[in-house]
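Student: This is what each chain is made of:
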Amino acid sequence: MANEKKPGVFTGPLWTNNPVVVQVLGICSALAVTTQMKPALVMGISLTCVLAFANVIISVLRNTIPNRIRIIVQLVVVAALVILVNQILKAYVYDVSKALSVYVGLIITNCILMGRLEAFALGNKPFPALLDGLGNGIGYALILFITATLRELFGSGTLFGYDVLARFVNEAGYDGYQNCGFFTMPAAALIILGCIIWYQRAKNPDLQDK
Amino acid sequence: MHKTMNRNSNVYTVIYATVLTVLVAILLSAASLGLKDKQKANTDNEKKQQILQSVASKLGKEVTFENAADLWQELKMDDAMFCVNTKGEKVDGKAFDIASKSLFSAGKIIPEATLPVYVANINGVPYRIMSMYGAGLWGPIWGYLSVDPEGKVAGVSFDHDSETAGLGSKIKDDPAFANAFIGKSIFTDGKFTSVSVTKAGKPANYGGEKVDAITGATKTSDYVGIMIYESLLGYVPFIQGGTAQAGCCQKHEGNCGEKETCGMEGCQKEACTPESCGKEECKAQCGDKSECAAKAECADKAECDACKKAE
Chain A
0 MANEKKPGVF TGPLWTNNPV VVQVLGICSA LAVTTQMKPA LVMGISLTCV LAFANVIISV
60 LRNTIPNRIR IIVQLVVVAA LVILVNQILK AYVYDVSKAL SVYVGLIITN CILMGRLEAF
120 ALGNKPFPAL LDGLGNGIGY ALILFITATL RELFGSGTLF GYDVLARFVN EAGYDGYQNC
180 GFFTMPAAAL IILGCIIWYQ RAKNPDLQDK
Chain B
0 MHKTMNRNSN VYTVIYATVL TVLVAILLSA ASLGLKDKQK ANTDNEKKQQ ILQSVASKLG
60 KEVTFENAAD LWQELKMDDA MFCVNTKGEK VDGKAFDIAS KSLFSAGKII PEATLPVYVA
120 NINGVPYRIM SMYGAGLWGP IWGYLSVDPE GKVAGVSFDH DSETAGLGSK IKDDPAFANA
180 FIGKSIFTDG KFTSVSVTKA GKPANYGGEK VDAITGATKT SDYVGIMIYE SLLGYVPFIQ
240 GGTAQAGCCQ KHEGNCGEKE TCGMEGCQKE ACTPESCGKE ECKAQCGDKS ECAAKAECAD
300 KAECDACKKA E
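Residue numbers (numbering that gives the first Met the number 0), protein chains in the order written: chain A, 0 to 209; chain B, 0 to 310.
Just to be clear, a hint being listed does not mean it is correct.
Quick list of in silico lysine-lysine cross-link-like pairs, BS3-like style, CA-CA up to 27 Å [to be verified]:
1. A/Lys37 with B/Lys107
2. B/Lys46 with A/Lys89
3. B/Lys37 with A/Lys89
4. B/Lys190 with A/Lys97
5. B/Lys93 with A/Lys37
6. A/Lys97 with B/Lys93
7. B/Lys39 with A/Lys89
8. B/Lys89 with B/Lys46
9. B/Lys89 with A/Lys97
10. B/Lys151 with A/Lys97
11. A/Lys89 with B/Lys35
12. A/Lys97 with B/Lys100
13. B/Lys190 with B/Lys107
Honestly, the hints are just simulated from the structure, not real lab data.
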């Protein structure tokens, strides 16, 4: 890991080493917060921020952290950051904090965080750690966003809450759009994720299991 | 320096953990203290928005997070809230600071609870706004419901903690759902029948009026119906009292004795003197022993004495 080149550190997680579809981390939240685009987007941004900061902090502290309690130290840092972010959101952008509700707290349990802290930040300098955090966060946000777009479009016929499909269908001369309830279920997210993984494996033979 | 220290020793581990914890605790406490006022202002403002949202249709405008505080001032809401108990009597308390959650135990209203009431006087008509709280499908749901002097719903506002986005969350996000409540009477032949929420085509489960459940969110809709029923149950004596008083006021064309307007508070204590309202209302007031003794102006002494004895 320590030998990875800097560009790879940032761009790798975006697609070829994506935390969600390749490392299969953070699946729980990818299923839970992707019914609509807005929470998915804000969740992606929040996770990216927390991951970048946590990566840097752990990387700075990496030579002082006692080995036996390193997981606890990581958890404390992440939890403190998440609480801080939550408090600031509540005070300054109350509506966004409302939209996120429990999701902010859920960041603590996101496997990507602990995964990156343990696998990367503990063994790398702060700057690569920052890039790694940003890359993984954005890679996660990307998958969330794609999934949420499909789910909201077909599940509610809207994009960011704006009626899209119904208007389109009406203009084509039919009467209204019947929401596909299946897309609002977590199972649909799993199937969409599966399709993304399928597409990605088909395009990148390196990723295929031999 | 850290190179020379043994990072695996117990002492180092304990000291490290302690220092880290204390630092984080200080940081978070400072953040919490520093941001407390701003957060409180936000939650207060949101509460005002939700309260006023329940009379939005009577205000004729949208209540947003931004204009809630101004509207609150405009309607003089700070002076128009009080507390009642489950017998419908006014009691002391700070209405705005009551957390609706604390009024319930196992989904039922606590008999000795102090319930908050907000009165919005819009175009001379007092709308009594009551607070609701209950369990949803995934977490708590709450809201406010306003009734006009006749006991009909003037509007509702709902909010939720974690109902499914796009389905159960429609109780808050879909104005069509909240608007369906407007004009429904919560009384049938003088009996409290709430407003039920059931699937289209199904009868109302409390026997009164109903609105259709949200498609795809049947469970959340069910819980909304239960919340309205259970929450209003504690308010029934108050609403019925107020409705009778308001009826009395209407009979006398808004002449509430010394009071100039037919506000809910005014009507309850002063307006219904035997002279202005006739004996029937007086009898209703004399039902309560303590009230009876205090009512010197209760002209019909014999009647009062009779009900005193009955008690």
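Student: Against the earlier hints, flag every one the structure doesn't satisfy and list their numbers going up.
Tutor: Numbers 1, 4, 5, 9, 10, in rising order.
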